[in-house]
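J.: Can you build the whole structure from these sequences, using the hints too?
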Amino acid sequence: MKIAIIPAYNEEKSLGSVVRSLLNHVDRVVVVDDGSKDKTAKVAFEEGAVVLRHKINRGQGAALQTGHEYARLHKVDYVLHFDGDGQFDAIDIVPAFEKIQSEQADILFGSRFLGKESNIPFIKKNLIFPIARVFNRWMTGIKLSDIHNGFRILNKRAFTEINIKQDRMAHATEIINQTRLNNLKFVEFPVKVMYREYGQGFSGGIKIISDLFTSKFVSK
Amino acid sequence: MIIIFQILFLIFTLFAIVLVVKRKKAGEIGKKGAFFWVLFWLTALVAVWWPNSTSILANYLGIGRGTDFVLYISLIVIFYLLFRLHVKIESIGRDITKVVRKEALDNTYENSTHS
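Chains as they are written, first to last, in this note's numbering: chain C, 466 to 685; chain B, 136 to 250.
Please note: incorrect hints may appear among the correct ones.
[Unchecked claim] List of simulated lysine-lysine pairs, DSSO-like, C-alpha gap at most 30 Å:
| # | chain 1 | residue 1 | chain 2 | residue 2 |
| --- | --- | --- | --- | --- |
| 1 | C | 590 | C | 608 |
| 2 | C | 478 | B | 233 |
| 3 | B | 237 | C | 504 |
| 4 | C | 507 | C | 589 |
| 5 | B | 223 | C | 520 |
| 6 | C | 540 | C | 630 |
| 7 | C | 650 | C | 540 |
| 8 | B | 237 | C | 621 |
| 9 | C | 630 | B | 237 |
| 10 | C | 630 | B | 167 |
| 11 | C | 681 | B | 233 |
| 12 | C | 681 | B | 223 |
| 13 | B | 223 | B | 167 |
| 14 | B | 166 | C | 681 |
| 15 | B | 233 | C | 672 |
| 16 | C | 630 | B | 223 |
| 17 | C | 520 | B | 237 |
| 18 | C | 621 | B | 233 |
| 19 | C | 507 | B | 233 |
| 20 | C | 608 | C | 650 |
| 21 | C | 520 | C | 540 |
| 22 | C | 672 | B | 237 |
| 23 | B | 233 | C | 467 |
The set of hints was computed from the structure by calculation and includes no laboratory data. All values derive from a computational prediction rather than experimental measurement.
T.: What follows is the structure, encoded as structure tokens:
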């Protein structure tokens, strides 16, 4: 079984169409409502998604890990990480699944920099991303063309071995790091990203670095 | 003047040490913690009652004045404690996440068509 995991926080406006578009491509859509204050859970449920509700907001990393634990409890072969704000295009899903299967990889990372057109804001593309790429490579030892892209596919081995402890946005770096530590085979795949909002700016990046640093001292 | 301050500080220190012992007995702090705080207050007391003692240490480390030495040490201790607090908060946050996650997985909302 293939499932999509959508971490969602106050996404009632965009989530409905995202769930609908995904149901054609995966067997089950799992929405992790991360303590939303709006009708995110209701919208997801009405559109036919399985809904897991965090009673309080714990962050995107925490929501993804909850999705992984759901997958471990069910007969899931592949999980797809997908954003609920409509920034990804469902058209990329089928070829991405074909790619990870044909390459016999454990994990697939979506990339905005492998040919497909994305409308990335100028400063992000030319300043923040290059710095972040170098940082990620230095932190994880893996060279990727993109950083912090929320489009991923993990097979059973990957979602079992990767344990996301970073509750907030640093999980993206953590996933790459655990890919290397667990010797998982990875591939990159071009995906299209439609920017609706700016997303994380420079301060977000600083927060990620701070989170990664702090976690070195947190036991468990 | 300085004598009044010294006497007040002595009373305060005794009070603080009694509090530490009480908390140790109640099991709120461990052996290491109790030792650290008792040592901390005794050191402070020595510095207040014999101000020259800090100058001796300061000179030994190449710092001009005893009060400067105390200031630097205080800053280091405060930053260290802040950092420890920060890590502790992160650790508590992760525990909260585990509880929230368990609750979410125990109460899944799904249509009866799923198994």
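J.: Checking one constraint from the list: CA of residue 520 of chain C to CA of residue 237 of chain B, max 30 Å. Satisfied?
T.: 11 Å, holds
J.: Does residue 608 of chain C lie within 30 Å of residue 590 of chain C when you go C-alpha to C-alpha?
T.: 17 Å, holds
J.: Would the pair residue 672 of chain C and residue 237 of chain B pass a check requiring their Cα atoms to be no farther apart than 30 Å?
T.: Holds, because 27 Å separates the two Cα atoms, which is no more than 30 Å.
J.: Taken at face value, is the distance from the CA of residue 630 of chain C to the CA of residue 540 of chain C at most 30 Å?
T.: Between residue 540 of chain C and residue 630 of chain C the Cα gap is close to 23 Å, so the pair holds against 30 Å.
J.: Hint check: residue 608 of chain C vs residue 650 of chain C, CA-CA at most 30 Å. Holds or violated?
T.: 13 Å, holds
J.: For the pair we were handed, residue 478 of chain C and residue 233 of chain B, check the Cα-Cα distance against 30 Å.
T.: Judged against 30 Å, a Cα distance of about 28 Å means the pair holds.
J.: Is the hinted pair residue 223 of chain B and residue 167 of chain B satisfied, with a Cα-Cα distance of at most 30 Å?
T.: 17 Å, holds
J.: Taking 30 Å as the top limit, are the C-alpha atoms of residue 507 of chain C and residue 589 of chain C close enough?
T.: 34 Å, violated
J.: With a cut-off of 30 Å on the C-alpha distance, tell me whether residue 233 of chain B and residue 672 of chain C pass.
T.: 22 Å, holds
J.: Run the distance test for residue 233 of chain B versus residue 467 of chain C: straight-line Cα separation, threshold 30 Å.
T.: 25 Å, holds
J.: Assess, step by step, whether the Cα of residue 630 of chain C is no farther than 30 Å from the Cα of residue 237 of chain B, and give holds or violated.
T.: 15 Å, holds
J.: Regarding the pair residue 166 of chain B and residue 681 of chain C, is the alpha-carbon distance no greater than 30 Å?
T.: 25 Å, holds
Comparing the model with each numbered hint stated earlier shows that hint 4 is the single one that does not hold.
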